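Sequences listed follow chains A and B, in order. This note's numbering puts the first residue of the first sequence at 1, with every later residue one more than the last. This note's numbering puts the first residue of the second sequence at 1001, with every later residue one more than the last.
Calculated from the structure, these hints are not laboratory results. Values in this document were obtained by computation on a predicted structure and should not be read as measured data. Each hint should be verified, as a subset may be incorrect.
Between beta-carbon pairs, the in silico distance windows are [as the list claims (entries may be wrong)]:
{"id": "1", "chain 1": "A", "residue 1": "Pro116", "chain 2": "B", "residue 2": "Gly1100", "range": "23 to 33 angstroms"}
{"id": "2", "chain 1": "B", "residue 1": "Lys1269", "chain 2": "A", "residue 2": "Lys117", "range": "32 to 42 angstroms"}
{"id": "3", "chain 1": "B", "residue 1": "Ala1096", "chain 2": "A", "residue 2": "Gly118", "range": "23 to 33 angstroms"}
Computed from the model, here is a short list of chain B residues facing chain A with C-beta under 8 angstroms [said to hold, decoys possible]:
{"id": "4", "residue": "Phe1027"}
{"id": "5", "residue": "Asn1064"}
{"id": "6", "residue": "Asp1109"}
{"id": "7", "residue": "Phe1115"}
{"id": "8", "residue": "Asn1119"}
{"id": "9", "residue": "Phe1121"}
{"id": "10", "residue": "His1123"}
{"id": "11", "residue": "Gly1133"}
{"id": "12", "residue": "Gly1171"}
{"id": "13", "residue": "Leu1185"}
Quick reminder that beta carbons are idealized off the backbone N, C-alpha and C, glycines included.
Single-letter residue listing:
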Amino acid sequence: MTFNWDLVWSSFGPIIGGAVTGTIPLTLASFALGLALALLVALLRLSPNRVFSGVARFYVSVIRGTPLLVQLFVIFYGLPSIGVKLEPWPSAIIAFSLNVGGYAAEVIRAAILSVPKGQWEAGHTIGMSRPQTLVRIILPQAARVSVPPLSNTFISLVKDTSLASLILVTELFRNAQQIAAFSQEFMILYLEAALVYWVICLVLSTGQSALERRLDRYVAH
Amino acid sequence: MSPTEPSYASPAGTGLVLSARSLAKAFGSNVVLRGIDIDVLRGQVVALIGPSGSGKTTVLRSLNGLEVPDAGTVTFGDADAGTVRGSGAGLTLDFAGTVGKREIAALRDRSAMVFQHYNLFPHMTVLKNIIEGPVQVQKRPRAEVVAEAERLLARVGLADKRDAYPFELSGGQQQRVGIVRALALKPQLLLFDEPTSALDPELVGEVLGVIKELADEGWTMVIVTHELAFARQVADEVIFMDGGVVVERGPAAEVLRAPRQERTQQFVKRLQHDV
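Here chain A stands alone, though its shape is the one from the complex:
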């Protein structure tokens, strides 16, 4: 087999371009929105109000119990039939945010529960309200516990964004697919795509380690 080096070099540009203009912003936007949603859902889930916790439980159950690809298709191809027509990008961001929200909610809920009850009490006895204690005392400690599992969610999300190619979002994998279809060099192009995903995830793993070290500075080693 002769290796088509010219194609390798010329296709890296569009693939990396797809990462920069597609995969990465899609990941960042979805993760940020998803985390905010997850915090809300985690708090609802922890609420003594049964309606709130029931709604949160239902949401988490649906998100975790159905394939991401199906969620994506429902939003992009399904919603128009009831009159809600969304462009590819908003559809993708909504689907991925909802997905992250479901998974990360459970992580955040567990992390909040892992902070000893005495920390809530200490917050209360210095006069803090529940929200104040949550924000200033509990969440910073919960953050430390939730960095490793949330990093997993984040890294999974990077790879899951490749599914957006199926609803016409121009991102890393869709660019690779198009060049592959044109050049018929499937192996080369898909390996290139894999390599770029891998590099992104390696960078993220390094960032995760640095963040963990930073958050570990106040615990015994």
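With chain A fixed as given, assemble chain B onto it according to the hints.
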């Protein structure tokens, strides 16, 4: 330690700081308090003793709103003019009715708690632990609070630990920070929940020493403790609880040296045997 009294600690015996009446509390079918009365005079040190499960910690936690009794009242007396916290007016909570967040907050505003397991905030330095309440909740000027915190830290021998994290401290040091955190709130009443029970024996003395100094300075305190020798030394009044009721109360020397009630006698005897 400086001999000057803090302006917010008042001389002993000039009035009623706290008065609790008929406190009752059950956790499900487990009745832990069956009508407890407590009066604490200004500058007085009250020690709550009794076997575990007697309800003494629940009483203490009720005074700070960490437990909400099912019935009974807690009244903070007409606070003295020198008090920094609180409105200065009296406060009564009737637990038989609905007690709202505001009332609980007003209750907490008047007392500060020192926990058995310190409960320092692990993600904050010693200094941050101390100034968090005064700055974030009481909205006092940061510079003033920091200066006060440094002064208090020096008093308990921890000036050099200002920027340390709790995990870098021994249990005794953490508990002294816990005490300073409570003092920095300038409460009318200090509450101690078995402050030395979690400490290694060789670290107990340093914490008891600090509490004794606070007593000598005129701070008003309620202390749940198993240290009978310490209670005898520091407390003005000892209250012996068992089974959710007050079995015996009186001057420390009387209750601990010559208890009248049989249950108290047994308890005191047992603890002294342990020592």
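Here's how the hints hold up against the structure:
Pro116(A) and Gly1100(B) have their C-beta atoms about 27 angstroms apart, which keeps the hinted 23 to 33 angstroms range intact. The hinted window of 32 to 42 angstroms between Lys1269(B) and Lys117(A) holds, with their beta carbons roughly 35 angstroms apart. At roughly 29 angstroms, the beta-carbon separation of Ala1096(B) and Gly118(A) lies within the given 23 to 33 angstroms, and the hint holds. Taking 8 angstroms as the C-beta contact cut-off toward chain A, the hint placing Phe1027(B) at the interface is violated, the least distance being around 15 angstroms.
Interface hint status for Asn1064(B): upheld, as the beta-carbon distance to the closest one in chain A is roughly 6 angstroms, under 8 angstroms. Against a cut-off of 8 angstroms between C-beta atoms, the interface hint on Asp1109(B) holds, since the closest Cβ of chain A lies about 6 angstroms away. Nearest Cβ of chain A to the Cβ of Phe1115(B): about 6 angstroms, under the 8 angstroms cut. The hint holds. A hinted interface residue such as Asn1119(B) counts as satisfied when its beta carbon comes closer than 8 angstroms to some beta carbon of chain A; here the least separation is about 4 angstroms, so the hint holds.
Hint status for Phe1121(B) relative to chain A: holds, with the closest Cβ pair at about 6 angstroms, below 8 angstroms. Interface restraint check: His1123(B) against chain A, minimum CB-CB distance 5 angstroms, threshold 8 angstroms, status holds. Taking 8 angstroms as the C-beta contact cut-off toward chain A, the hint placing Gly1133(B) at the interface holds, the least distance being around 3 angstroms. For Gly1171(B), the interface hint is violated, since its Cβ never comes within 8 angstroms of a Cβ in chain A; the closest pair sits about 13 angstroms apart.
Interface hint status for Leu1185(B): upheld, as the beta-carbon distance to the closest one in chain A is roughly 6 angstroms, under 8 angstroms.
The structure fails to meet hints 4, 12 from the earlier list, while all remaining hints are met.
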